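2 protein chains.
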Amino acid sequence: MEKVNRSILLVRRPKGMPKAEDFKLVTNSIPTIKEGELLIRSIYLSVDPYMRGRMRGIKTYVDPFQLNEVLTGGIVGEVIESKNLSYKEGEIVEGRLGWSDYSVSNGDNIRKVDPNLAPISTALGIVGMPGLTAYFGLLDIGKPKAEETVVVSGASGAVGMTVGQIAKIKGCRVIGIAGSEEKVNYLKNELGFDETINYKTENVLKSLKSACPNGVDIYFDNVGGEISDAVMRLINFYSRIVLCGQISSYNMEKSVESPRVQSQLIQRSALMKGFIVRDYADHFEEGYTQLGNWVKNGSLKYRESIVAGLENAPKAFIGLFEGENIGKQLVRIS
Amino acid sequence: MEKVNRSILLVRRPKGMPKAEDFKLVTNSIPTIKEGELLIRSIYLSVDPYMRGRMRGIKTYVDPFQLNEVLTGGIVGEVIESKNLSYKEGEIVEGRLGWSDYSVSNGDNIRKVDPNLAPISTALGIVGMPGLTAYFGLLDIGKPKAEETVVVSGASGAVGMTVGQIAKIKGCRVIGIAGSEEKVNYLKNELGFDETINYKTENVLKSLKSACPNGVDIYFDNVGGEISDAVMRLINFYSRIVLCGQISSYNMEKSVESPRVQSQLIQRSALMKGFIVRDYADHFEEGYTQLGNWVKNGSLKYRESIVAGLENAPKAFIGLFEGENIGKQLVRIS
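Respectively, the protein sequence lines represent chains A and B. Each residue of the first sequence is one higher than the last, beginning at 82 in this note's numbering. Each residue of the second sequence is one higher than the last, beginning at 82 in this note's numbering.
Since the hints were derived computationally from the structure, they do not count as laboratory data. Watch out, some of these pointers could steer you wrong.
The calculated lysine to aspartate or glutamate pairs, modelled on EDC-like cross-linking and capped at a C-alpha distance of 20 Å, are [stated by the list, open to error]:
| id | chain 1 | residue 1 | chain 2 | residue 2 |
| --- | --- | --- | --- | --- |
| 1 | B | Lys226 | A | Glu170 |
| 2 | B | Lys224 | A | Asp360 |
| 3 | B | Lys335 | A | Asp310 |
| 4 | A | Lys224 | B | Asp221 |
| 5 | A | Lys335 | B | Asp360 |
| 6 | A | Lys224 | B | Asp360 |
| 7 | B | Lys335 | A | Glu338 |
| 8 | A | Lys335 | B | Glu307 |
Simulated restraints, written as ranges between beta carbons of each label pair [what the hints assert, rightly or not]:
| id | chain 1 | residue 1 | chain 2 | residue 2 | range |
| --- | --- | --- | --- | --- | --- |
| 9 | B | Leu286 | A | Val143 | 23 to 29 Å |
| 10 | B | Lys100 | A | Arg314 | 27 to 33 Å |
| 11 | B | Glu405 | A | Lys287 | 56 to 62 Å |
| 12 | A | Asp144 | B | Glu338 | 28 to 34 Å |
| 13 | B | Glu405 | A | Asp310 | 33 to 39 Å |
Note that the structure is predicted; figures quoted are calculated from it, not measured. Even glycine gets a Cβ: it sits at the ideal position worked out from N, Cα and C.
Next up, chain A with everything else stripped away, as it sits in the complex (with noise of 0.2 Å):
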């Protein structure tokens, strides 16, 4: 265990893909904790493409991360001393803390993790918030029927994965793109994914047309770019296309022109919606024990990407944009 608090700033706003530069490790003491409060061990540290966003300065659906301070995300823990009635040391606690050995927290901005449902790394995975983005994305928005064809791109993502999954769970047809042989093969003989395509081997538009000849249903985009013009040429009447994230477009300084969707969207009477997991915060506990269960009964599958050290933790966050990662990404820091 670390004697002194190691932590990681901002120290530069990522100009295109982040760089080592972008990000400094800093030495303090252990922090103190008052009444009220408690110390949190790391041990796991969560690193997700939304990050990006918050580097950029811009005040969108979170405020930006500002320089030379802590960066901040999903941490999982252990309590090592409570000054606070409701945690006690030794117990297993998530939240969005800072990328740090250790943490202080007056309890509001944590829930506790139990040890028993899932492993802890899951409660930044599939049992956490990448797991309720695809619970509550593809139930609520994209509301799967069966037999209906979904597609999902960034399949091999922790989001992408629990969408085919649980789509898979509500009798539809699963196609899910991704950018290597490693992980489609994965998604296709471990998960069981009805069709995949590897982006960057295959013509998405005429792999897709093969691979949905009844067109497609839902739409779980991770991506954006090329590989959304491509599905929305082939969208049903009454598609849903359930807007998560845009990777691809994360890391460029202008935005990118692209044919308009509205007409597509006219033609087809299909639905298009932004939203973010804390939407549906008032639905989180039903969605935890919902994703714990279908876990521990073998229905949901996952898989992470765990590299160690807090100090390499900028490495793994870059590792999101080079298509590194299969599932989850995490940093074991203790």
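Once you have looked at the hints, place chain B on chain A.
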């Protein structure tokens, strides 16, 4: 009354803006009817922007018009002969019929119009397809709440002016975008729109910013293009974009590129949905009744631009794309 039956054919698929030479007037004898049929004398003919799509020869939500066949569209007429037990001579009916002096129907594609409810011409306008389009699009997709800000493009058209007035009935703040001083004055002075923007003389984004200090909650889009790009920059969290038409692009031979809307929708958890009025066919009776009552009690005002003579129908249709009409554009046939 004509002793012959004149009809208008589509003889050439328009390239860009439709031209008079794309149409042809032909003369035939008045058709005779068989058992179960009725003969209708056309009184009013409706020209509608969506018809441009049917001239393209590509199947969308309706089959394309066939070349050298009689165009079809909304017609209000009088039953002048009936061998159908459900219809009597002298009754007024509305339906999608030929652009002709006389039409034959088996009764399936028409509905009866009550001349005591409102002038029969409104069966093609505010108590007809455009009214229903406004009603269902705004209420079912837009879901207006009191105090919300509603922006309508194409606001002086048959759909747009109805949308704005229903939004006012629902207690919203309404901003209408139209293309002449006469139009915006009408919207503001006669229909009670809160603010208007003349897109031909004003900087739309700048005027929108000043007219919508609290952002845009609902955008009812009839036009698309750069006007919509400007509105999209001001959408609020959980806003709803109702896609009704994209008249700015109907005469374009190639689709024009534009900023991708997907990121904007994600950043605001916003919804964008296309629709056509037929999606609500099961609820038309509710719509006709509500619209008729609002017209009767003075809550809904309307305006018509009427051109005389079947031979002028192509000119009236072309005029839709030149921004000539205020309110519903009709052709009086007899």
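Outcome of the hint check:
A distance of roughly 48 Å separates the Cα atoms of B/Lys226 and A/Glu170; the hinted pair therefore is violated under the 20 Å criterion. Between B/Lys224 and A/Asp360 the alpha-carbon distance is near 18 Å, which keeps this suggested pair within the 20 Å criterion. Between B/Lys335 and A/Asp310 the alpha-carbon distance is near 16 Å, which keeps this suggested pair within the 20 Å criterion. Taking the CA atoms of A/Lys224 and B/Asp221, the gap is about 17 Å. The hint holds against a cut of 20 Å.
Pair hint A/Lys335 plus B/Asp360 does not hold up; C-alpha atoms about 38 Å apart against a cutoff of 20 Å. Between the alpha carbons of A/Lys224 and B/Asp360 the distance comes to roughly 18 Å, so the proposed pair stays at or under 20 Å and holds. Taking the CA atoms of B/Lys335 and A/Glu338, the gap is about 15 Å. The hint holds against a cut of 20 Å. For the hint pairing A/Lys335 with B/Glu307, the CA-to-CA distance comes to about 18 Å; that is within 20 Å, so the pair holds.
Separated by about 25 Å at the C-beta atoms, B/Leu286 and A/Val143 satisfy the suggested range of 23 to 29 Å. Judged by the Cβ atoms, the range 27 to 33 Å given for B/Lys100 and A/Arg314 holds: they are separated by roughly 30 Å. Between B/Glu405 and A/Lys287, the C-beta spacing of about 45 Å breaks the proposed range 56 to 62 Å. The hint said 28 to 34 Å for the Cβ distance between A/Asp144 and B/Glu338, and at roughly 32 Å that hint holds.
The hinted window of 33 to 39 Å between B/Glu405 and A/Asp310 holds, with their beta carbons roughly 35 Å apart.
This entry does not satisfy hints 1, 5 and 11, going by the numbered hints stated previously.
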